[in-house]
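What follows is each chain in one-letter form.
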Amino acid sequence: RQQYVGKLKFASLEASQGSKKLIVATEKNVVAALNSRSGEILWRHVDKGTPEGAIDAMLIHGQDAITVSNAGRILRSWETNIGGLNWETSLDTGSFQVARLVGLQDVVKYVAVLKKAAISLHYLSNGHQKWVEHLPESESTQYQLLYSHGTGVIHVLGIVPQSHLNILTFSVEDGEITKQVVRVAAPWLKSLNSVCSVVGEAVLVCMDVDTHSLYVCSLETEQEMKQIPLQSLDLEFADGFQPRVLATQPNVISASRTQFFLQLSPSHFSLLQYKHGLLSHLRDFQQAALVSFATTGEKTVAAVLTCRSELKPGSSDGLHPGSTVEDSRKQESLTCSNQTYNINLYLVETGQRLLDTTITFNLEQSGAKPQQLYIQVFLKKDDSVGYRALVQTEDHMLMFLQQPGKVVWSREESLAEVVSLEMVDLPLTGAQAELEGEFGKKADGLLGMFLKRLSSQLILLQAWTAHLWKMFYDARKPRSQIKNEINIDNLARDEFNLQKMMVMVTASGKLFGIESSSGTILWKQYLRNVRLGSSFKLMVQRTTAHFPHPPQCTLLVKDKETKKSFLYVFNPIFGKRSQVAPPVLKRPILQTLLLPIMDQDYAKVLLLIDDEYKVTAFPATKNVLRQLEEIAHSIFFYLVDAEQGKLSGFRLKKDLTTEESWEVIIPTEVQRIVTVKGKRSNEHVHSQGRVMGDRSVLYKSLNPNLLAVVTESTDTHHERTFIGIYLIDGVTGRIIHSSVQKKAKGPVHIVHSENWVVYQYWNTKARRNEFTVLELYEGTEQYNATAFSSLDRPILPQVLQQSYIFPSAISAMEATITERGITSRHLLIGLPSGAILSLPKALLDPRRPEIPTEQSREENLIPYSPDVQIHAERFINYNQTISRMRGIYTAPSGLESTCLVVAYGLDIYQTRVYPSKQFDVLKDDYDYVLISSVLFGLVFATMITKRLAQVKLLNRAWR
Amino acid sequence: LFIMYMAGNTISIFPAMMVCMMGWRPLQALMSLSATLKALESSSRRALQGLVFLVGNGLGLALALYKCQAMGLLPTRPSDWLAFVAPPQRMEFTGGGLIL
Chain A
1 RQQYVGKLKF
11 ASLEASQGSK
21 KLIVATEKNV
31 VAALNSRSGE
41 ILWRHVDKGT
51 PEGAIDAMLI
61 HGQDAITVSN
71 AGRILRSWET
81 NIGGLNWETS
91 LDTGSFQVAR
101 LVGLQDVVKY
111 VAVLKKAAIS
121 LHYLSNGHQK
131 WVEHLPESES
141 TQYQLLYSHG
151 TGVIHVLGIV
161 PQSHLNILTF
171 SVEDGEITKQ
181 VVRVAAPWLK
191 SLNSVCSVVG
201 EAVLVCMDVD
211 THSLYVCSLE
221 TEQEMKQIPL
231 QSLDLEFADG
241 FQPRVLATQP
251 NVISASRTQF
261 FLQLSPSHFS
271 LLQYKHGLLS
281 HLRDFQQAAL
291 VSFATTGEKT
301 VAAVLTCRSE
311 LKPGSSDGLH
321 PGSTVEDSRK
331 QESLTCSNQT
341 YNINLYLVET
351 GQRLLDTTIT
361 FNLEQSGAKP
371 QQLYIQVFLK
381 KDDSVGYRAL
391 VQTEDHMLMF
401 LQQPGKVVWS
411 REESLAEVVS
421 LEMVDLPLTG
431 AQAELEGEFG
441 KKADGLLGMF
451 LKRLSSQLIL
461 LQAWTAHLWK
471 MFYDARKPRS
481 QIKNEINIDN
491 LARDEFNLQK
501 MMVMVTASGK
511 LFGIESSSGT
521 ILWKQYLRNV
531 RLGSSFKLMV
541 QRTTAHFPHP
551 PQCTLLVKDK
561 ETKKSFLYVF
571 NPIFGKRSQV
581 APPVLKRPIL
591 QTLLLPIMDQ
601 DYAKVLLLID
611 DEYKVTAFPA
621 TKNVLRQLEE
631 IAHSIFFYLV
641 DAEQGKLSGF
651 RLKKDLTTEE
661 SWEVIIPTEV
671 QRIVTVKGKR
681 SNEHVHSQGR
691 VMGDRSVLYK
701 SLNPNLLAVV
711 TESTDTHHER
721 TFIGIYLIDG
731 VTGRIIHSSV
741 QKKAKGPVHI
751 VHSENWVVYQ
761 YWNTKARRNE
771 FTVLELYEGT
781 EQYNATAFSS
791 LDRPILPQVL
801 QQSYIFPSAI
811 SAMEATITER
821 GITSRHLLIG
831 LPSGAILSLP
841 KALLDPRRPE
851 IPTEQSREEN
861 LIPYSPDVQI
871 HAERFINYNQ
881 TISRMRGIYT
891 APSGLESTCL
901 VVAYGLDIYQ
911 TRVYPSKQFD
921 VLKDDYDYVL
931 ISSVLFGLVF
941 ATMITKRLAQ
951 VKLLNRAWR
Chain B
1 LFIMYMAGNT
11 ISIFPAMMVC
21 MMGWRPLQAL
31 MSLSATLKAL
41 ESSSRRALQG
51 LVFLVGNGLG
61 LALALYKCQA
71 MGLLPTRPSD
81 WLAFVAPPQR
91 MEFTGGGLIL
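So the protein lines, in turn, are chains A and B.
Anchor point for the first sequence: position 462 equals 462 in the UniProt record's numbering, and the numbering is continuous, going up by one each time.
Anchor point for the second sequence: position 23 equals 23 in the UniProt record's numbering, and the numbering is continuous, going up by one each time.
Any given hint might turn out to be false.
[Claimed, not checked] Chain A regions said to be covered by chain B (calculated; three or more residues, Cβ under 8 Å):
| # | region |
| --- | --- |
| 1 | 61 to 71 |
| 2 | 875 to 881 |
[As the list claims (entries may be wrong)] A few chain B residues that face chain A, going by a derived Cβ cut-off under 8 Å, partial list only:
| # | residue |
| --- | --- |
| 3 | P15 |
| 4 | A16 |
| 5 | V85 |
| 6 | F93 |
[To be verified] Across the chosen pairs, the derived CB separations fall in these ranges:
| # | chain 1 | residue 1 | chain 2 | residue 2 | range |
| --- | --- | --- | --- | --- | --- |
| 7 | B | V55 | A | Y864 | 48 to 56 Å |
| 8 | B | L63 | A | Y864 | 40 to 48 Å |
| 9 | A | S681 | B | Y66 | 45 to 53 Å |
| 10 | A | R956 | B | S32 | 26 to 34 Å |
| 11 | B | Y66 | A | S696 | 17 to 25 Å |
| 12 | B | L63 | A | S696 | 22 to 30 Å |
| 13 | A | S687 | B | V55 | 27 to 35 Å |
| 14 | A | S808 | B | C68 | 48 to 56 Å |
| 15 | A | N763 | B | Y66 | 50 to 58 Å |
| 16 | B | M21 | A | A941 | 27 to 35 Å |
| 17 | A | R874 | B | M21 | 45 to 53 Å |
| 18 | B | M21 | A | S687 | 31 to 39 Å |
| 19 | B | C68 | A | K653 | 54 to 62 Å |
| 20 | B | M21 | A | I459 | 53 to 61 Å |
Don't read these hints as lab results, they were simulated from the structure.
Beta carbons: idealized from backbone N, C-alpha and C, even for Gly.
Between the sequences and the hints, there should be enough to build the whole structure, so can you do that?
Next comes the structure, spelled out in structure tokens:
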């Protein structure tokens, strides 16, 4: 199991040198503390995954972390040492704007929360409300800023867009408005966020793009805004960029620093100072990616992350698939060509660079830009400034850096959002591969073959002796030192193929190769031009079985907005981009189909259908096209358009165009399509039927083209809501079974395998979760035992159905899968509590009789009972819960009894399950010594008795 | 025969052994047919006696087989051969799904 927290939203590093904690709040609605020495999670609290749990703000004061979540509805205080909840209060509704700590006379005692129409003040110690005040004119005014600096008053800034600013001043003690509403005309101002900031002793600094000038106004005294044109400072805005003002207030009871950053263009910052009514320019930062302030004691420093200046234009081009020239040129101004960054510290007061404060780090491997920078500054013993930096990059990687440029740890937080997952067999070892290769090659004479065999045997012998030597060498070392480290070089398949390579695609567009038994990340690859919210489809085109051809995976990425798609072909073991050039996709791709036919290099053929219903083949060699032409009449596509409620089938023609063959319309006014589940292509079904009590056979209806379509009603009223299940043949479009479950509500989880479909829903009438299982049987006669064709099926299958009550909601469901399908199937059910329940499919069998008869007992059917219980001993992950599970992936291993399971969500968990126990493995307590000694004893005894018998015969003959 | 009847049709070790014995005896007897015929050499109605011996043993064998059948030990039903039924070959390939 590996735990993650997700992409950072807020982070806070403790300012002292000895501190070990790092408090983070993330976009995954997680509040956690990380150990800043090792990067491990000290504690973690996971809120709801819905927007209800979203964290809006986090403030740190001493040992307390204050979070505001659920759109300003809940205020919580956490103890940062152990992660306990100090207190929790619920706030009034109203959209949340800003929260801020408020101090009075050197003590920080309160936290102020600004809402759209009200401001409230809470005690830090227990969360009780001190006072709440309504804000005047809250309909027209947008209150967006809150400021206090220990003078006993709170300034609240509201804005009427394009008209004026409202400045309110509240007293901390009783919440009275101490000063009348001050109106400051600001017709150019649209919003306060990020354009304005408060510097110094309550001086508001705003930025106007149109007139290229800064506006300055004191909150306490002035009524007018002073305009300072930027030209006077020799500064210029970049076109079309919204400038930002970044200021810092190191301590809430004292005034803000008078210095602030002005962001002029995405990579151009300048440090300005406003003191005693004078604006001065301290320093200019070109090519800066990120800036940040940090304070320790009396010193406030600014950290600037810059790109190392050796620009090598063009070096990043061509590295990234599908990127057009236009794109890369646009990015050139933003990204660093050689992926090396510097962090420098500058003293804020003067803008001077501090010596020996450069951290240089390299992001060469990932190729991602840094996104967020947090600095922890501390004073060293000799009064110089030391610091550590936390950098988050675009691909959600967290790096903790220490001087001079040492990466203390890094976390791959993008793994908190795995989108797609495949398991690939590991390659054979060199010696095994040699042997395989020998058989793969063409025969070249008897002698040649013999010599080759000898040489490969010799290599095997060599490997074996090396292994023995290593074992001997290891045995002498103390046990603790022996670490079975797995790295990319000694990666090899084990005897039973239990270790595999997990190829994970994450939402940020980063690919990972993770070794399944230990969970070490062996390679990672960031696809730079993937925007968030793209859809991915990962396919294994060639497995490792075809030595010496490297395995090949293909990832189809489609951008949701631009509809552009591209293919990324890579080697799943080493993570390298493959030499094979994928076809350039001009049209958006709607769907893909991986055919079992192979080209001469043993790569499976991938068909891509675009929005003009034309098909592109990859790889598109002559051989493939010829094969395709031959079998084109038996290739069909189905496309499901959830928005229009349309299912349509297409037939492939010989010239790689398609024609529509069927269409099913599900009216979108009444119901919408939620999921479509086909069968897994690598699934084997060993038994073609079930033996009945009277020893006849009930044949399963194993239609590989069957689709299960789930619809939900658009009407969500609990009396009228329903879900629909359609079983549709993907070739002919024939509806084999349809049923409507009244008074049922989603989310529906569905598993479709063999001849059965299991789905789970919420029953609104009885208020409980229910399972329904459908099984399809052909009857006691098989129509055509040798070949299955959807076009030739005169008899509809019999559908059996039963429902069960399940005591818990579920978050993910999947069926186990094994190599040959002999092992009985289990359903793996992820519960919201984080446990994975392994439920035998035999419990969800529609043939379970209500009254057990002789025959049903013969069949080993369990009598029907409506409720399925959760037995704690059926949890396969024991105490290793997986928070916010989103999916379960199963893969067969080399052992028939064993199925590999990966559950992913916020955490990643991998294990093996044995649905029918380990029937093909000798037990752990198998007594090798006894069995072999008995065997030897018996052999010995026969030899002795033989000898004795001979002697006796001889004696008798003499007599 | 009575014991056979009493043993019932359940499969457990004793009835199975008995059935085995029952089947094996006539087989053994038939194997040693020539020896038996030699013993009958002196007899005048040798052919008839031989025939009776053959038929009797055959009957015993048939009885044993019947017993086996009754006990369900003979693979005569399609369900007995189910594990060897090959999965039908797939004629069409489909693929697709929700529009990406």
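Verification of the supplied hints:
With 0 residues having a Cβ less than 8 Å from any Cβ of chain B, the region 61 to 71 of chain A misses the three-residue criterion, and the hint is violated. Residues of the region 875 to 881 of chain A lying with their CB closer than 8 Å to a CB of chain B number 0, which falls below the three-residue condition for coverage. About 18 Å separates the beta-carbon of P15/B from the nearest beta-carbon of chain A, more than 8 Å, and the hint is not met. The beta carbon of A16/B is not positioned within 8 Å of any beta carbon in chain A (closest approach about 19 Å), and the interface hint is therefore violated.
Taken as an interface hint, V85/B checks out: its beta carbon lies about 5 Å from the nearest beta carbon of chain A, inside 8 Å. Interface hint at F93/B: satisfied, since its Cβ lies 5 Å from the closest Cβ of chain A, which is below the 8 Å cut-off. Hint check: V55/B to Y864/A, Cβ distance near 54 Å, so the stated range 48 to 56 Å holds. Separation of L63/B from Y864/A is about 42 Å and conforms to the stated range, judged on CB atoms against 40 to 48 Å.
The given range of 45 to 53 Å is respected by S681/A and Y66/B, whose C-beta atoms sit roughly 48 Å from each other. At about 29 Å, the beta-carbon gap between R956/A and S32/B stays in the expected band of 26 to 34 Å. A C-beta distance of roughly 21 Å is found between Y66/B and S696/A, which places it inside the suggested range of 17 to 25 Å. One distance hint, 22 to 30 Å for the beta-carbon pair L63/B and S696/A, holds here, with the actual separation near 26 Å.
Range check, S687/A to V55/B: Cβ separation about 43 Å, and the 27 to 35 Å hint is violated. Taking the beta carbon of each, S808/A and C68/B are about 50 Å apart, inside 48 to 56 Å as hinted. Evaluation of the 50 to 58 Å hint for N763/A and Y66/B yields a pass: the beta carbon distance comes to about 54 Å. Take M21/B and A941/A: their Cβ atoms lie about 29 Å apart, and the range 27 to 35 Å holds.
For R874/A and M21/B, the hinted distance range of 45 to 53 Å is satisfied, since their beta carbons lie about 47 Å from each other. Checked against the hint of 31 to 39 Å, the pair M21/B and S687/A passes, with Cβ atoms roughly 35 Å apart. Between C68/B and K653/A, the C-beta spacing of about 58 Å keeps the proposed range 54 to 62 Å intact. At roughly 58 Å, the beta carbons of M21/B and I459/A sit within the given window of 53 to 61 Å.
When held up to the earlier numbered hints, the structure conflicts with 1, 2, 3, 4 and 13 and fits the remainder.
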